[in-house]
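S.K.: Sequence:
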Amino acid sequence: MFETTIAGSLPKPSWLAEPEKLWAPWKLEGAELEQGKRDAALIWLKEQEDAGIDIVTEGEQFRIHFVHGFVEHVGGIDWQKKTKMGIRNNRYVVDVPTVTGPLTRKRPVHKAEAEFARAHTKHKLKFTLPGPMTICDTVADEHYGRRADMAMAFADLLNAEAKELEAAGCDVIQFDEPAFNAFTEEAVEWGIAALERAAAGLKCKTAVHICYGYGIKANIDWKATLGGEWRQYEAFFPSLNASRIDQVSLECANSRVPPDLMALLKDKTILVGVIDVATNEVETPEQVAATIATALKFVDPERLQPCTNCGLAPLPRNIAAEKLRALGAGADLARKRL
Numbered sequence: 001m002f003e004t005t006i007a008g009s010l011p012k013p014s015w016l017a018e019p020e021k022l023w024a025p026w027k028l029e030g031a032e033l034e035q036g037k038r039d040a041a042l043i044w045l046k047e048q049e050d051a052g053i054d055i056v057t058e059g060e061q062f063r064i065h066f067v068h069g070f071v072e073h074v075g076g077i078d079w080q081k082k083t084k085m086g087i088r089n090n091r092y093v094v095d096v097p098t099v100t101g102p103l104t105r106k107r108p109v110h111k112a113e114a115e116f117a118r119a120h121t122k123h124k125l126k127f128t129l130p131g132p133m134t135i136c137d138t139v140a141d142e143h144y145g146r147r148a149d150m151a152m153a154f155a156d157l158l159n160a161e162a163k164e165l166e167a168a169g170c171d172v173i174q175f176d177e178p179a180f181n182a183f184t185e186e187a188v189e190w191g192i193a194a195l196e197r198a199a200a201g202l203k204c205k206t207a208v209h210i211c212y213g214y215g216i217k218a219n220i221d222w223k224a225t226l227g228g229e230w231r232q233y234e235a236f237f238p239s240l241n242a243s244r245i246d247q248v249s250l251e252c253a254n255s256r257v258p259p260d261l262m263a264l265l266k267d268k269t270i271l272v273g274v275i276d277v278a279t280n281e282v283e284t285p286e287q288v289a290a291t292i293a294t295a296l297k298f299v300d301p302e303r304l305q306p307c308t309n310c311g312l313a314p315l316p317r318n319i320a321a322e323k324l325r326a327l328g329a330g331a332d333l334a335r336k337r338l
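Okay, so the sequence shown: first residue is 1 according to this note's numbering, each after it adds one.
Among these hints, one or two may not hold up.
[Stated by the list, open to error] With a Cα cut of at most 20 angstroms, we get these calculated DMTMM-like pairs of lysine to aspartate or glutamate:
1) 46 - 115
2) 205 - 302
3) 268 - 171
4) 205 - 115
5) 336 - 302
6) 205 - 229
7) 268 - 3
8) 163 - 115
9) 21 - 95
10) 124 - 164
11) 106 - 166
12) 266 - 302
13) 217 - 95
14) 122 - 221
15) 82 - 72
16) 21 - 221
17) 82 - 141
18) 297 - 322
19) 266 - 300
20) 266 - 196
Rather than coming from a laboratory, the hints here were simulated on the basis of the structure. Remember, it's a predicted structure, so these values are computed and weren't measured experimentally.
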C-alpha cells in the first residue's frame, strides 16, 4: 500500500552540470561524460532506495532536457532553423527547432540507459518520456500543418521507444504531458488519443504526468494568475479516466488544485504529489502524511501512490535528497495510521 515514486527528474551533481539550473549544459565530454552520467544515475538510485522510494527512476541523469533528450535523436527536425514560439500557451517565448520533414526515429534513444538502471536496482523501475502533445509544444511545425497530425507522428516514434524500454525491464513507462494543463480543449480533442497511441500495446504499467511545471519563475508567475482554485484538471480528467492509461500523476502539495477533482479518476491509480518542488523548504513526514490523508477522502488506498508534484531537477541536491526522505517517511507514517 502507498507505493512511493517520483515524477522523474533529479538534480545533476555539480561535477556533471551547473547545479540549481534547469537544463544546464554538460561539464564533461566524451568518455568522461558517459561515465559521469552513469555515476550520477547510480547515486540517485541509491538515494531513492535509502529514502524508501519503491518505484525508482534514473533521475533523467542521461539527458539535459526532458523533451530534447528524446527529440534530438529524431529525423525530420532542423536544429539550425530556429523558430520563435510561445511555449505552454505563450507562458514564455523561446527559439525552438523546426520540423521540416517526415519524422523518423534514427535509433533507440534511451534503451541503454534503462538497461543500466535495471541492472543496478532490484526495485521497480520507471522510465519517463515526453508526451506527444508536450513535444509538439516544444518544436515548430513546417511540415504537418496540424499539431494533431504531428502529435500522432511523434506518438508512433514514442511507442517504438516505449516498447524497447519495456523489453529492457521497465515496470512503468510514464509520459510527461504538462501541456495538457495549458491546452485543456486540445487535450480532450486529440491529446489523449495521441497519448494512447504512444502507449499502445505496452504490457507494463503506463502513466501520464500532468503538473503545473517546475518551480521556475515563469511557472510560478503563471500560477499567480490562475485565481483561488486551479481547475484545469477538471476539463480532461473524465476523458483521461476513460482512456487506456493506467496511472495519472498530478500536483497536490501546496497547490490550489481542489482535491475533490481526484474523484474524477475513479478507475486509475493516482500518483498524488505530496512534495512541493517550488520551494526549498523540506516537508516533514507529518505534512506528507496529512496530504495523503486529504487525498484518501477521494482516492481508495490501493489506488494511491505518494509522489512528487513534478521533477526535482532545479533544486539543490541536498534539498532534493531530504525531500525524498520526507516522501518515504511520510508514506510510512500514513501506512501505519491507516
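S.K.: None of the hints should be skipped; say for each whether it holds.
M.R.: So, going through the hints one by one against the coordinates:
no.: 1; hint: 46 - 115; verdict: holds, 16 angstroms
no.: 2; hint: 205 - 302; verdict: holds, 15 angstroms
no.: 3; hint: 268 - 171; verdict: holds, 17 angstroms
no.: 4; hint: 205 - 115; verdict: holds, 17 angstroms
no.: 5; hint: 336 - 302; verdict: holds, 14 angstroms
no.: 6; hint: 205 - 229; verdict: violated, 31 angstroms
no.: 7; hint: 268 - 3; verdict: holds, 14 angstroms
no.: 8; hint: 163 - 115; verdict: holds, 13 angstroms
no.: 9; hint: 21 - 95; verdict: holds, 19 angstroms
no.: 10; hint: 124 - 164; verdict: holds, 17 angstroms
no.: 11; hint: 106 - 166; verdict: holds, 19 angstroms
no.: 12; hint: 266 - 302; verdict: holds, 12 angstroms
no.: 13; hint: 217 - 95; verdict: holds, 18 angstroms
no.: 14; hint: 122 - 221; verdict: violated, 40 angstroms
no.: 15; hint: 82 - 72; verdict: holds, 14 angstroms
no.: 16; hint: 21 - 221; verdict: holds, 18 angstroms
no.: 17; hint: 82 - 141; verdict: holds, 11 angstroms
no.: 18; hint: 297 - 322; verdict: violated, 27 angstroms
no.: 19; hint: 266 - 300; verdict: holds, 9 angstroms
no.: 20; hint: 266 - 196; verdict: holds, 18 angstroms
Hint compliance for this structure: hints 6, 14 and 18 are broken, all remaining hints hold.
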